[in-house]
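Novice: Chain A is fixed; fit chain B onto it per the hints.
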Amino acid sequence: MTKHPNETVLALFAGGDLGTWQRWRVERHVASCTACRQEVAEFSELRAAVPAMVEPPEISWTKLAVEMKANIRLGLEAGECVSAGPLEARGIFSVRSLAVCGSLALLLAAFLLERPAPRIEPVNAAETPFMESSGAGIQSKAGDQAIMMLNTRARDARNVDYLASGNAMRARYVDTETGYVTINNVYAQ
Amino acid sequence: MFMRSKTAGLIFASAIALFGQETKLDPNSSIQINFPADSPVLQLSTKVDESRATPRGGAMVVDLHMSLSLRNAGSRNIRGITLMVAAQEATPGGKASVAVPSLDVAPGQNFPVRIDLRLLRPLQAGGPLVKVSLDGVLFDGFDFYGPNRLNSRRSMTVWEMEAQRDRQHFKAVLAATGPAGLQREMLDSLARQAERPRIDVRVSRGGRAVSSAGAPEHMARFAFLKMPDAPVEAVDGWAEVSANEARTPTIQVVNRSPKPVDYVEIGWLVKDREGREFLAGSVPAAEGDLFLPPGRSGRVLQDTALRFSRNAGEPVSIASMTGFVSQVEFADGTAWVPNRLALQLSGLLRMVAPSPEEQRLADLYRTKGLNAVVEELRKR
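If you read the protein sequences in the order shown, they are chains A and B.
Residue numbers are given in the working numbering: position 187 of the first sequence equals residue 187, and the series is strictly consecutive.
Residue numbers are given in the working numbering: position 268 of the second sequence equals residue 268, and the series is strictly consecutive.
Chain A extracted, bound-state conformation (with noise of 0.2 angstroms):
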């Protein structure tokens, strides 16, 4: 078996970001290595709920252009009034006047910039919260959040026991370290 590439490649192949080159190497690693394919799936998990979080929230671009071409157009039309009209109507258009309305021109498109536009979310079935076991242990998750209990000082991985029961789930394993028969649980949330 080659080398294991280290996190940070894994990391990067699991979002898709490395070089062709690479990409393939890692690729023939990850289908001999289920130490390696195991973390990255956790990658690919922890992808998976990250995003929600760190996206800035939906912009329409094209309701924005609307927005700043129809402010454009109410300001090119306030400064119309200014200069065309006849000194009698300046009792109308006054400074005062006048800084009311681009006062309000402003407040205007600032409500319409900053409306919370409705959003359907998309229906995820990765957001209902479950418990499952993996390689590296058993979790459960919920949304963005998640507890792993890790078994990762079994004795032998291929020897740990897992059983889901009921709202709970389980993993059995001698641990190294003190020797003990160790049995984590996690329960749903």
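Mixed in with the good hints, there may be bad ones.
What the hints assert, rightly or not - A few chain A residues that face chain B, going by a derived Cβ cut-off under 7 angstroms, partial list only: (1) T20; (2) T182; (3) A188.
Unchecked claim - One-sided excerpt, in silico: chain B residues whose CB lies under 7 angstroms from chain A: (4) T54; (5) A96; (6) Q109; (7) P112; (8) R114; (9) L117; (10) R118; (11) R121; (12) R192; (13) R273; (14) E274; (15) G275; (16) A353; (17) D363.
Since the hints were derived computationally from the structure, they do not count as laboratory data.
In this text, a Cβ means the ideal position worked out from N, Cα and C, and glycines have one as well.
Specialist: Using the frame of chain A, we list chain B on its own:
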């Protein structure tokens, strides 16, 4: 106190976010350990040397590796201990436990318990990462101490009963066939553990588990293995099955014993379309939901959905299901577990995991040899 630890947690999270690097955990702000004042087990020390927090995107991954050094401050030998691990601040409702059965810790003796866990939580979450508390201690003679919030009394009682059963079996083998016979038993046990068919299970509460939408759903009936001396008999059962997913298992049981029963657990075997059979899990009666006077029947029902796979995600289609009574608790607190002969004759010995005691003895044989097992069996 709580506010202070919450603030410390927030500062800690902010520091991690700011520097964006792996950070060592401060045990004072990240872990709370609470044992009752009258606890027969004392906490001597806690090490968290290898624990780390690492930011990944907008989340924080916390690897917590604790080593607790405990002392039996009671007057009887300890047979098992269960610690509750709560991470509510990190994962709402996130609850776990670590149990160590098959102990023989004399009064005044120290013993270690390891807790290894990983948390994924938002960067800005505050408060201690985990709270560790004592859920229960089982002593010689099945005496129990602890709040028992996780029903550790029942689990530890069953493990101790299985331990006594299996020690008795290995002692009988040693007496009848000598060290050579015991050696064969140990080798058999190790072989069974290595060859036992395993399956990956994903569990979700209620509703549909996950992704097998589209596959036709049908009601599948359980077949049952009869355990000759079982105080409870499973007479009928079914679950909604769709491809590799089974939902809401429901099992009808009858109390055949002269004593009232208040808990039953049914082992659940699944056979795939290639004829391979796996232990898929167990169906326990919901807490406080079952009370069976002698001769009466009742239902064991779980509102869960289970999805089966193996080899890292390959779905296991369910062809048939078999159930068997795996443990019973009577209203007087005593329990029943299948005897060794019944497990052997029914073929379950190959399917179910060995008892914690058998696992420990087999490991002792593997690491220290036959004499260590013989010596261990002669102790008690």
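Novice: Are the hints correct? Go through all of them and say.
Specialist: For each hint, the structure was consulted:
no. : hint : in the structure
1   : T20  : 25 angstroms, violated
2   : T182 : 6 angstroms, holds
3   : A188 : 5 angstroms, holds
4   : T54  : 10 angstroms, violated
5   : A96  : 5 angstroms, holds
6   : Q109 : 13 angstroms, violated
7   : P112 : 5 angstroms, holds
8   : R114 : 6 angstroms, holds
9   : L117 : 5 angstroms, holds
10  : R118 : 4 angstroms, holds
11  : R121 : 5 angstroms, holds
12  : R192 : 10 angstroms, violated
13  : R273 : 21 angstroms, violated
14  : E274 : 21 angstroms, violated
15  : G275 : 22 angstroms, violated
16  : A353 : 4 angstroms, holds
17  : D363 : 4 angstroms, holds
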